[in-house]
Amino acid sequence: MIELLAPAGDFEKLKIAYAYGADAVYVGGKHFSLRANAKNFSMEELKEAVLYAHNLGKKLYVTVNIIFHEDDVSFLEEYLLELAKIGVDAVIVSDVYVISLIQKKKIPLEVHVSTQASILNEMSALFYKNMGAKRLVLAREASREDIKKIKEKTNLDLECFVHGAMCTSFSGRCVLSNVVTGRDANRGGCAQVCRFLFDAGEEEPFSITSKDLNMVEFVEEMIRIGVNSFKVEGRMRGIYYIATVILSYRRIIDKIQNHSLTKEDQEYYTKVLNRCANRESTPQFFHKLPTEEEQYFLGREEVSNQDFLGLVLDYDEKTGKVKLEQRNYFKVGDIVEFFGPDTETFTYQIHTIENDVGESISVANHPNMIVYLPLEKPLKAFDMMRVKAFDK
Amino acid sequence: MKNKYLLIPGENTLEKVCESNFLFPLKSFATNLGKTFSFAEIPESSYIYINRLLHAKDILLLKEELSQNKNKIKGIVFEDLGVLEVIKELDLKVEKILYLTHATCSSYTVNTFLEYVDTLILANDITKEEVLSVLAKSSKPIGLYLYGHLPYMYSRRTLLTNFSKHFHMSEPKIRLVKEKVSGKEFLVSEDEFGTIFYDALPYDGRDFLDEKVSYFLIDLHLEKVESMATWLKDFVNKKPLPNTTRAFLDKKVIVRLPPKGGVR
Chain A
1 MIELLAPAGD FEKLKIAYAY GADAVYVGGK HFSLRANAKN FSMEELKEAV
51 LYAHNLGKKL YVTVNIIFHE DDVSFLEEYL LELAKIGVDA VIVSDVYVIS
101 LIQKKKIPLE VHVSTQASIL NEMSALFYKN MGAKRLVLAR EASREDIKKI
151 KEKTNLDLEC FVHGAMCTSF SGRCVLSNVV TGRDANRGGC AQVCRFLFDA
201 GEEEPFSITS KDLNMVEFVE EMIRIGVNSF KVEGRMRGIY YIATVILSYR
251 RIIDKIQNHS LTKEDQEYYT KVLNRCANRE STPQFFHKLP TEEEQYFLGR
301 EEVSNQDFLG LVLDYDEKTG KVKLEQRNYF KVGDIVEFFG PDTETFTYQI
351 HTIENDVGES ISVANHPNMI VYLPLEKPLK AFDMMRVKAF DK
Chain B
393 MKNKYLLIPG ENTLEKVCES NFLFPLKSFA TNLGKTFSFA EIPESSYIYI
443 NRLLHAKDIL LLKEELSQNK NKIKGIVFED LGVLEVIKEL DLKVEKILYL
493 THATCSSYTV NTFLEYVDTL ILANDITKEE VLSVLAKSSK PIGLYLYGHL
543 PYMYSRRTLL TNFSKHFHMS EPKIRLVKEK VSGKEFLVSE DEFGTIFYDA
593 LPYDGRDFLD EKVSYFLIDL HLEKVESMAT WLKDFVNKKP LPNTTRAFLD
643 KKVIVRLPPK GGVR
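Protein chains in written order, with the numbering used here: chain A, 1 to 392; chain B, 393 to 656.
Please keep in mind that the hints were generated in silico from the structure rather than gathered at the bench.
Derived list of chain B stretches under chain A, where covered just means 3 residues or more per stretch with a C-beta under 8 Å from a C-beta of chain A:
| no. | segment |
| --- | --- |
| 1 | 441-454 |
| 2 | 468-479 |
| 3 | 483-496 |
| 4 | 522-536 |
| 5 | 541-555 |
| 6 | 561-569 |
Below, in silico cross-link-like pairs of lysine to any residue (SDA-like), each with a Cα-Cα straight-line distance of 25 Å or less:
| no. | chain 1 | residue 1 | chain 2 | residue 2 |
| --- | --- | --- | --- | --- |
| 7 | A | K288 | B | T553 |
| 8 | B | K572 | A | L197 |
| 9 | B | K449 | A | T154 |
| 10 | B | K488 | B | P533 |
| 11 | B | K631 | B | N413 |
Even for Gly, the Cβ is constructed at its ideal location relative to N, Cα and C.
Could you build the full structure based on these sequences and the hints that come with them?
Written out as structure tokens, the structure reads:
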């Protein structure tokens, strides 16, 4: 089983993730989740999300991945029972107490051990297997040799991150946020102090910021050595990022499975992925230890991405017009691209724009304004329009 | 039960301390703890410390070393849960002491781990009130980190080397750095196995000296201590120490957990 696993911070992102090719989505509930600043899902929304996923024949996992303090535990059991009742496919857990509780109370929930457990070797993998885990989300620091050994020894489902932000530390082995800002990193409040600057008594500031992860060139090998689930980081990211990243990895995995992936494909998707993010991305620990090349040194070297121009809401075949919700400024004359889950990327030059009362306008400059563009090619809801940056 | 000390020595502090136990950072398996020791360098019946997270190839080496030195080991303090499985596989008769630096913050978690180990050292990311609560509720006696520079971040990256290479500087293996907004200072220590951010000030946990615990862990590897015996005597007699920190003992961190009372 090969699975593409997407993040979703809210219901819109979840729908986009499934539409763009995710086999499974992981989300946080309102409790016990490490992304406390994401919108996250109420129990009612989780129930709805499970139904949504299962109707598509896909899966939904819920993170219960904080490190518990004395006062946090009070309604954990009730919460887990409720998650089981609504039919979530697994919980992603880092605190061993949660695993133990699920096993002892025989709560029918599949356990996936979070990357916060920093599993790097087959013996620690075995510990969690013996506790009852069905899947391990390996440390991002795991090398190809580590992954091979873990698979050989445990034959468990293995999940590895392939794309997105990296902790500078081993995930879970850092409380810099607690120390510097008073926000608990291991209970959902991480302030990302690893993106702050430090004074080291030198002219240049001391920085420990990592570039993002990008495993495009290694997905094929990862499949070969036994990775089952390919995980994208980013429950706080927007729909354009999720759509672009998930679609890219969907296409890559599909091409690997039908033996048609080329070097050119890899180069193209690498360019697409680098374009949609606000930081550079690169392989990190799989094939070598990262060096200064995989880091930033002058603080938050992030660029604001304004490539996402609009979200397709509808297409009227009678009028031949696409209804679009604006996300970034565009104007008549711009050359753009449309892409989508079932829409091969194509180039389009904007000749006319109509507003929602049918008037011709020259620019779309208000966030979320509704506009119409004439288009011969039919599009579907959730397709997207972006800046055309390069040819394939 | 008498409290016992596990002492991580500094470079020049190797001496016999009455009723105390040195905790020897094991060469190749300990990171950023100052001097490390091979099995040839440590006496019979010693406590060893493995604080690295281990890759598959390290686990192989560890199995080899432990199986050849069974009699040397009285107890193992470890961070990587793989060590526990290695002990099991080799059927080592040693005391198993888990020290997961940030992952044992409740009695629930502690008691779960105590089903697998003899004792553990409690995480330091919790308040005094929480420490006392965990001590009261733990199913077996547990240990406390009592003194030393607390490790706040552990990375597999060689962050000092990377910084020095990028800016073409010399490469000290320990640097004092200050976070620019808060002014908080850290000692950043690096070796071939990664980088650890330590608090620039040593933590003083003597509030708990009278508690019944399995072990008190004292880490002097970043301290200049000529005689450990004298130092320890002064320490337990509560001689004031300048420039220490209480870390989180009096400081509850912010969590965005929602109000209690339901699952909806």
